[in-house]
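J.: Chains as they are written, first to last, in this note's numbering: chain B, 1 to 303; chain L, 1 to 262.
Worth flagging that the hints you see were computed from the coordinates, not collected in a lab.
Don't take every hint at face value.
[What the hints assert, rightly or not] A partial selection of chain L residues facing chain B, derived with a Cβ cut-off under 7 Å: (1) Q97; (2) M105; (3) K154.
[What the hints assert, rightly or not] Chain L is nowhere near these chain B residues, computed Cβ spacing over 12 Å in every case: (4) L28; (5) L127; (6) L140; (7) L147; (8) W152; (9) L159; (10) I164; (11) Y176; (12) G225; (13) W243; (14) I264; (15) F277; (16) Q282.
All values reported here derive from a predicted model rather than from experimental measurement.
Where is the CB? At the ideal position from N, CA and C, for every residue including glycine.
Each chain, written out:
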Amino acid sequence: MKKFTLPLLLLAFAVLLAAPMAFKSYGLYLLTYWLVFIIAIMGLNLTIGYAGQKSLGHAAFFGIGAYTVAIMMKAGLSFWLGLPAAALLCFVVWLVFRNEEWLTGGTFGLNNIARPQLFGLSLEGNLAYYYFVLAITLLLGGLLWGLLRSPWGKAFTALRDNPIRAESLGIDIRRYTLLSFAIGAAYAGVAGALFASLVQFIDPAPFAIASSIMMYLMVVLGGPGYFLGPVLGSAVGVVLPEWLRFAQGWYLFVFGSAVVLLMIWLPDGLLSIPDRFKARKQARQASAARAASAQAAAKGAQA
Amino acid sequence: MTHPHHHDRPQGVPVLKVTDLRKAYGAIQAVGGVSFEVRPGEIFGVIGPNGSGKTTLFNSMLGQITPDSGKIELNGEDVTQLEPLELNRRGVGRTFQTLQVFGKMTVRDNLIVAAQEHQGSMFSRLFAPSDSGLGDKADALIDQFRIRHVADKKAGELSYGQQKLVDIAMAFMSEPDLVLLDEPCAGVNPSLVGGISSLLKELNRNPRIGKKSSFVVIEHNMDFVMDLCHRIMVMVEGQVMAIGTPDEIRANKQVLDAYLGS
Numbered sequence: 001m002k003k004f005t006l007p008l009l010l011l012a013f014a015v016l017l018a019a020p021m022a023f024k025s026y027g028l029y030l031l032t033y034w035l036v037f038i039i040a041i042m043g044l045n046l047t048i049g050y051a052g053q054k055s056l057g058h059a060a061f062f063g064i065g066a067y068t069v070a071i072m073m074k075a076g077l078s079f080w081l082g083l084p085a086a087a088l089l090c091f092v093v094w095l096v097f098r099n100e101e102w103l104t105g106g107t108f109g110l111n112n113i114a115r116p117q118l119f120g121l122s123l124e125g126n127l128a129y130y131y132f133v134l135a136i137t138l139l140l141g142g143l144l145w146g147l148l149r150s151p152w153g154k155a156f157t158a159l160r161d162n163p164i165r166a167e168s169l170g171i172d173i174r175r176y177t178l179l180s181f182a183i184g185a186a187y188a189g190v191a192g193a194l195f196a197s198l199v200q201f202i203d204p205a206p207f208a209i210a211s212s213i214m215m216y217l218m219v220v221l222g223g224p225g226y227f228l229g230p231v232l233g234s235a236v237g238v239v240l241p242e243w244l245r246f247a248q249g250w251y252l253f254v255f256g257s258a259v260v261l262l263m264i265w266l267p268d269g270l271l272s273i274p275d276r277f278k279a280r281k282q283a284r285q286a287s288a289a290r291a292a293s294a295q296a297a298a299k300g301a302q303a
Numbered sequence: 001m002t003h004p005h006h007h008d009r010p011q012g013v014p015v016l017k018v019t020d021l022r023k024a025y026g027a028i029q030a031v032g033g034v035s036f037e038v039r040p041g042e043i044f045g046v047i048g049p050n051g052s053g054k055t056t057l058f059n060s061m062l063g064q065i066t067p068d069s070g071k072i073e074l075n076g077e078d079v080t081q082l083e084p085l086e087l088n089r090r091g092v093g094r095t096f097q098t099l100q101v102f103g104k105m106t107v108r109d110n111l112i113v114a115a116q117e118h119q120g121s122m123f124s125r126l127f128a129p130s131d132s133g134l135g136d137k138a139d140a141l142i143d144q145f146r147i148r149h150v151a152d153k154k155a156g157e158l159s160y161g162q163q164k165l166v167d168i169a170m171a172f173m174s175e176p177d178l179v180l181l182d183e184p185c186a187g188v189n190p191s192l193v194g195g196i197s198s199l200l201k202e203l204n205r206n207p208r209i210g211k212k213s214s215f216v217v218i219e220h221n222m223d224f225v226m227d228l229c230h231r232i233m234v235m236v237e238g239q240v241m242a243i244g245t246p247d248e249i250r251a252n253k254q255v256l257d258a259y260l261g262s
């Protein structure tokens with residue numbers, strides 16, 4: 001983790017805390033939507049960015065989380081039961097949920113999903129719900145930070161950088177691979193649960209393969225293996241389309257072109273830009289040092 | 001040249017015992033009945049021309065491939081069918097012919113991750129400190145390998161020779177009983193070969209970290225092998241041609257004709 005990650009985090013936190021003052025209801029809704037995706041993409045970043053795996057099923061876990069909470073709340077159970085259940089289910093279950101219409105409402109979806117209460121405080125309002133989601137985002141961000149600093153984080157990186165060497169050093173690559181998927185899925189589950197309560201209506205459409213690919217793109221755009229990559233990646237994937245709404249159908253064209261250009265010039269994502277400058281500077285210094293020593297050698301030969 | 005190791009050649013129950021190992025690829029008998037022992041604290045060299053079965057033998061001992069028949073014992077325990085992961089947990093370390101470091105981690109983290117799975121349980125490691133309590137051990141190896149000045153750099157940013165040193169050091173972090181070194185001098189600048197040789201002797205005779213290890217070394221650099229190893233096995237066409245001290249191997253007429261004579 002980079003040395004400027006922590007100050008950047010604190011700055012982001014201050015901005016997020018103050019943000020609601022600058023936004024109307026829809027803006028607040030969009031901000032919350034963004035936070036929800038940050039959680040989901042943080043999980044996927046662990047799977048793809050840190051552990052080096054490929055996952056095109058992330059939206060399914062997002063969906064499992066959303067449906068778990070929606071169904072449990074419809075059945076009169078508490079959100080606080082639904083949230084851990086969503087995380088746990090996603091952690092444990094690797095199966096795509098079947099379309100049991102009696103339970104899930106089929107393609108018509110489920111509507112009127114309530115928002116939770118916290119210690120008797122209603123989180124019904126957009127502002128309250130925003131701060132609630134912000135708190136969970138920070139909590140899960142902190143947990144991920146701790147996880148990545150633990151020996152597990154090193155094992156994930158070793159698995160990504162060189163699985164054969166990792167195995168020869170006693171790193172159980174099967175278990176760590178599985179864990180990276182399961183933890184990533186649990187994050188998607190929590191995000192899905194928060195999503196269901198945010199939009200208050202869910203149907204199967206947002207959890208299909210196209211969403212999984214979009215989530216993958218968000219990781220790649222932000223910078224896989226960068227802690228703050230998901231913040232930027234989901235901004236580009238979720239917030240930007242809203243700003244570019246005036247462009248209508250052109251949005252996809254612009255977005256697609258941007259992704260292609262990024263893949264060509266910045267394959268490690270937006271957050272790799274500072275590292276690039278650093279590497280370029282080091283290369284310049286190294287070549288300057290080489291030139292100087294070559295010059296010195298040439299002078300020595302002349303003398 | 002004198003060989004100071006010969007007098008204190010280690011004795012005792014073999015760390016590694018290979019009995020009648022065979023492996024064929026189709027009609028080609030890559031390894032055709034190889035038997036040998038490696039004693040505690042011994043540096044055992046394996047030489048032979050290309051295609052003589054060294055790599056197949058190595059891969060069998062490392063659990064990368066399953067031999068057709070024969071037995072591999074580690075400290076008296078049958079490990080013939082075990083996978084690389086379990087072999088490592090039982091005390092087998094290795095290096096590879098090509099560089100195999102974790103390029104995006106610092107040198108220090110490369111060393112720490114090389115031993116952390118030997119500490120505690122999977123669950124306890126989630127709550128363990130970032131360096132798994134291995135910081136001092138990593139620093140000791142960093143000093144021993146004289147790579148202190150690059151300890152906090154990413155391994156992928158180092159020169160080839162420096163990465164090679166990190167690569168070798170990683171194999172020793174978990175204090176293995178047996179280390180298999182696959183061409184430790186491959187691609188290394190000649191000026192560094194002597195350094196690697198003395199490091200390995202130092203680790204073998206007087207390990208700064210933990211206990212004594214036995215080594216099996218595959219290497220083409222004959223001076224290196226003759227200088228480093230206590231005993232050497234010569235393989236030709238999947239068979240053992242000779243096993244003996246460097247002096248015995250050098251004096252062996254058959255070996256001279258087949259291999260060294262060129």
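J.: Taking 12 Å as the cut and beta carbons as the points, is B/L147 off the interface with chain L?
T.: Violated, since 7 Å does not exceed 12 Å.
J.: Far enough from chain L: is every CB of that chain over 12 Å from the CB of B/L159?
T.: B/L159 is in fact no farther than 12 Å from some Cβ atom of chain L, at 9 Å.
J.: Going by Cβ atoms only, is L/M105 closer than 7 Å to chain B?
T.: holds (6 Å)
J.: Would you assess whether B/Y176, listed as outside the interface, keeps its beta-carbon beyond 12 Å of every beta-carbon in chain L?
T.: violated (9 Å)
J.: Decide, holds or violated, for the assertion that all CB atoms of chain L are farther than 12 Å from the CB of B/L140.
T.: Nearest chain L Cβ is 16 Å from B/L140, so the label holds.
J.: With 12 Å as the threshold, tell me whether B/F277 passes as away from chain L on beta-carbon distances.
T.: holds (15 Å)
J.: For B/L127, is the shortest CB-to-CB distance to chain L above 12 Å, so the non-interface label stands?
T.: Holds, because the least Cβ-Cβ distance between B/L127 and chain L comes to about 36 Å, which exceeds 12 Å.
J.: Say whether it holds or is violated: B/I164 keeps its Cβ farther than 12 Å from all Cβ of chain L.
T.: At about 7 Å from chain L, B/I164 fails to clear the 12 Å cut-off, so the statement is violated.
J.: Can L/K154 be said to touch chain B, with a Cβ gap under 7 Å?
T.: With Cβ-Cβ at 10 Å, over 7 Å, it is violated.
J.: Compute the least Cβ-Cβ separation between B/Q282 and chain L, then decide whether it is above 12 Å.
T.: Given that some Cβ of chain L is not farther than 12 Å from that of B/Q282, nearest at about 8 Å, it is violated.
J.: For B/W152, which was marked as not at the interface, is the minimum beta-carbon distance to chain L over 12 Å?
T.: violated (5 Å)
J.: So, as I understand it, the hint says L/Q97 touches chain B; can you test that by seeing if any CB pair is closer than 7 Å?
T.: Violated. Min distance 12 Å.
Hints 1, 3, 7, 8, 9, 10, 11, 12 and 16 from the list above are not met by this structure, while the remaining hints are.
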